[in-house]
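Trainee: The primary structure of each chain is shown beneath.
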Amino acid sequence: MGNIDFTSPLWADLTPLPTDEGGDHPLAAIAYTEEYATTMSYLRAVMALSEHSPRVLLLTAELIDMNPAHYTVWLYRAETLFALSADLHEELEWLNETALDHQKNYQIWHHRMLIVDRLGESEGEAEFVEQMFERDAKNYHVWSYRQWMVKRFGLWEKGELEFTEGLIRRDVRNNSAWNHRWFVVNGREGEGVEGVEGVKGDEGVREREVGFAKREIGRAPQNLCGWSYLRGVVRKGGMRLGELKEFAGQFAGLDGGEVRSSHALDLMAEILAEEEGGRERAGEALDMLMETYDPVRRNYWEYRKGMLGLPSAAA
Amino acid sequence: MPLVKRDDDPEDTLDELLQDKARIEELPSNDDDAYEDVESDNSGIPFPGRPSKAERRREESLPPWLQAATLNLFHDELQTTTSEAQTKVTADCLPLLTGRDTQGLPLNSHGLPHLRREQHVNFLHSQLGPFPAPYVAIDASRPWFFYWTMAGLSILGEDVRQFRDRLMETVRPLQNKTGGFGGGHGQYSHCAGSYATVLALATIGGLDMIDRKAMWEWLGTVKQADGGFRMAVGAEEDIRGAYCAMTIITLLNLPLDLPPDAPARKADLTTFTDRLGEWVGRCQSYEGGIGGAPTNEAHGAYAFCALACLSILDAPHVSIPKYLDAPALLSWLAARQTQPEGGFQGRQEKLVDACYAHWVGGCWDLIQAAVAPAASNGMNADVWNRAALIRYLLTCCQQPGKKGGMRDKPSTRPDAYHTCYSLAGLSHAQNHYQYDKAAPTRDGEKGRLTAAFNWTAEKATETELQGWRIEREDVVEFVHPVFVLPMGVVEECRGLFEGVGILEGAVIPRVVGENAMSCDAGLDGV
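Protein chains in written order, with this note's numbering: chain A, 1 to 315; chain B, 1001 to 1526.
These are computed hints drawn from the structure, not numbers from a lab.
Check the hints yourself; a few may be wrong.
[To be verified] Straight-line distance between alpha carbons at most 20 Å, and here's what the computed EDC-like set of lysine to aspartate or glutamate pairs gives:
#1 LYS151/A <-> ASP1226/B
#2 LYS236/A <-> ASP1325/B
#3 LYS1437/B <-> GLU1473/B
#4 LYS1088/B <-> ASP136/A
[As the list claims (entries may be wrong)] Chain A residues, not near chain B, derived (Cβ > 10 Å throughout):
#5 ILE4
#6 LEU75
#7 PHE128
#8 ASN174
#9 ASN175
#10 LEU241
#11 ARG281
Keep in mind it's a predicted model, so treat the numbers as computed, not measured.
A virtual CB, placed ideally from N, CA and C, is assigned to each residue, including glycine.
Whenever a hint applies, use it, and build me the whole structure from the sequences.
Mentor: Right, dumping it as structure tokens:
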């Protein structure tokens, strides 16, 4: 039995609209439980009347509980909440419980955004999101929500950088945390707050980020997240790639030392190619990658050699 | 209960593309008894102890990325959640990749498993339902099942026209009078539901049931002032919307002009393509890959949506370098092929997943048409590793036992989504797709965008098949690089609405089945 008693007078004025299955032999048909089929029939009935009333909130909550991926139900619920000027704090409390059960659901995060936006305050939100990251620190929807939250409420300097640092400390291979760091550092350019490009004469942000990336690369040199970030900072910050030569060299083993990272070799190939007369040595780095250190990408390294005008290796 | 919803999956693959969490999977059923795990050594060490002569021979015949010397490279000491998950997946895959465990699958003459056509066909048929009650989780995404099954079966060479009447009748209640298709009867129109329905209808020759004028008007309500598209009115704006909308507009030959009352007109936009390329460009992140929306993390599925959308707007060698840093994206894509599994991951430092065989695997034709130099045979020189992807799909992603179907990775169960996109990925890897740079990209000055129709397909040579260690019988059908449909179907679509205006009257919906009286959605509002 469902939680809604449709025999009660509350529903007496409605004629439920049963689903149109599309013929006698519909494809991908679902044997709905009676409870779901009935509740959906009442939802179709209220939607047909464009009714936005408290009982719509009952219906939608019940349906979301049965099928949280039902985007129409979420959108109609949001419309109804706003039409009724309902208590959004109460909605948020209900959402918290639902979110814990259905963390990977997209709609729930979009709905949360609509509610919190309307509420106009983000109290407790950062903590709630962090709770979600305890379960899955790479959930795309949750990160997207986090970005929205930071931007909407101007939380740029409310511990957000430290938050990314904490997550990266915990798992240096969490690329979502790296992406968020980039967002926190560079996301306010529209507001005139410079990121790694730096204000004239102040290279503090850029230097800090270069230092951060280098330190994290040192902890796990074969982790691509740090290298991508470092390259991003250098490129956007207007540095020459060559400024990374000494750093990358430590991991690239080009002079016979241990090759500790294929990503360092890749970077060295690019740095050397930019140097006067460095093309041949760049080709050697690419050869090392295709022959020994990254053979699965052989064709890509060949392509890079071709771009340098170097002859391809014999297949 | 025969079904579970995999909510605890640490790898989210493309839930976001489904606009639902429809990854329903079946628990083991009895027919899996057919598969006996003869080798239970899952240590992940490929060649423990002293190898026998036969094992040494097998190792020598392995490709470089599966050789012990390569496998022993780069093991950073620092262990984290990510590296632990990766270690486990590698351990699951290695015995299958190296042929140490064949799972009882019939092998081809090169020692790789054959493509299990018959079983995959049967599996896809089973994904057309009827489904028991727990499948209520897909109640808002049934159009995807129509598409995944029709596309998957077509890629396997099956004739899907047998489903014509049933499919047209099934989707009839999904079409809204105000245009577009929802995930089910009475549901709001949605870009994903509309995209999946249009594509599924295309495969069975059923597009004429669509109210094109209403579709055009509905799409006008989701076009945004910044150039992108929302997935539905009031829903999220992301790059799927851009790809889905442009696909629908192009296949149905809808006018590029925005409808008169489209909200985006208030921001001085006049066409669906206004600011679109720029918006797509804003989705490229510092990594070089593409996020679902500006500033979001780069993700393989969104890379495909971006490249395919741009390849609709104009010729790929024109539009891709115009709006994206193509070399940076190329480098990002190349890095997604995982060592040693050989499939693709969706994001940096995430796990391999068969669905990216399409989402990332499908990017190569598009980006190579834009930036790669031509090889001596006139084809674009390959920048990626086809053999590695084929091996991953055939060895790790085919469900053993009678049931068939394809799966994300060995520790997961098959589903329609992974079966469809594994097969599409196989088609990208096994076939060649070439863009004809001489062909026109616009039908007249104000007509349809035709760049996406300029693709031709070609089978691989025997030498290539040998190099990939497969036989001709395991090669799947062509799949269109932009629309992910059979090539012939795309050509049919092109002709279907050629020169058909939209305002002089919509095509009358075909009467199907017994409920023809209610088949009137297409006539409203004209």
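Trainee: All hints are to be evaluated individually against the structure, with a verdict given for each.
Mentor: The hints, checked one at a time:
At roughly 17 Å between alpha-carbon atoms, LYS151/A and ASP1226/B fall within 20 Å of each other, so this suggested pair holds. This hinted pair checks out: LYS236/A and ASP1325/B have alpha carbons roughly 13 Å apart, not beyond 20 Å. With a C-alpha separation of about 32 Å, the suggested pair LYS1437/B and GLU1473/B falls outside the 20 Å cut-off, and the hint is violated. Pair hint LYS1088/B plus ASP136/A holds up; C-alpha atoms about 17 Å apart against a cutoff of 20 Å.
Against chain B, the non-interface label of ILE4/A holds: every CB pair exceeds 10 Å, the least being about 16 Å. For LEU75/A, the non-interface assignment is contradicted: its Cβ lies about 5 Å from the closest Cβ of chain B, within the 10 Å cut-off. At roughly 18 Å from the closest C-beta of chain B, the C-beta of PHE128/A stays outside 10 Å, upholding its exclusion from the interface. With 10 Å as the threshold on Cβ separation, the claim that ASN174/A sits away from chain B is violated: the shortest Cβ distance comes to roughly 7 Å.
For ASN175/A, the shortest C-beta to C-beta distance to chain B comes to about 4 Å, within the 10 Å cut-off, and the non-interface label is violated. Even its closest Cβ contact with chain B, about 13 Å, leaves LEU241/A beyond 10 Å, as expected for a residue assigned away from the interface. The claim that ARG281/A is not at the interface with chain B holds, since no C-beta of that chain comes within 10 Å of its own (minimum 20 Å).
Checked against the numbered hints given earlier, this structure breaks hints 3, 6, 8 and 9; the rest are met.
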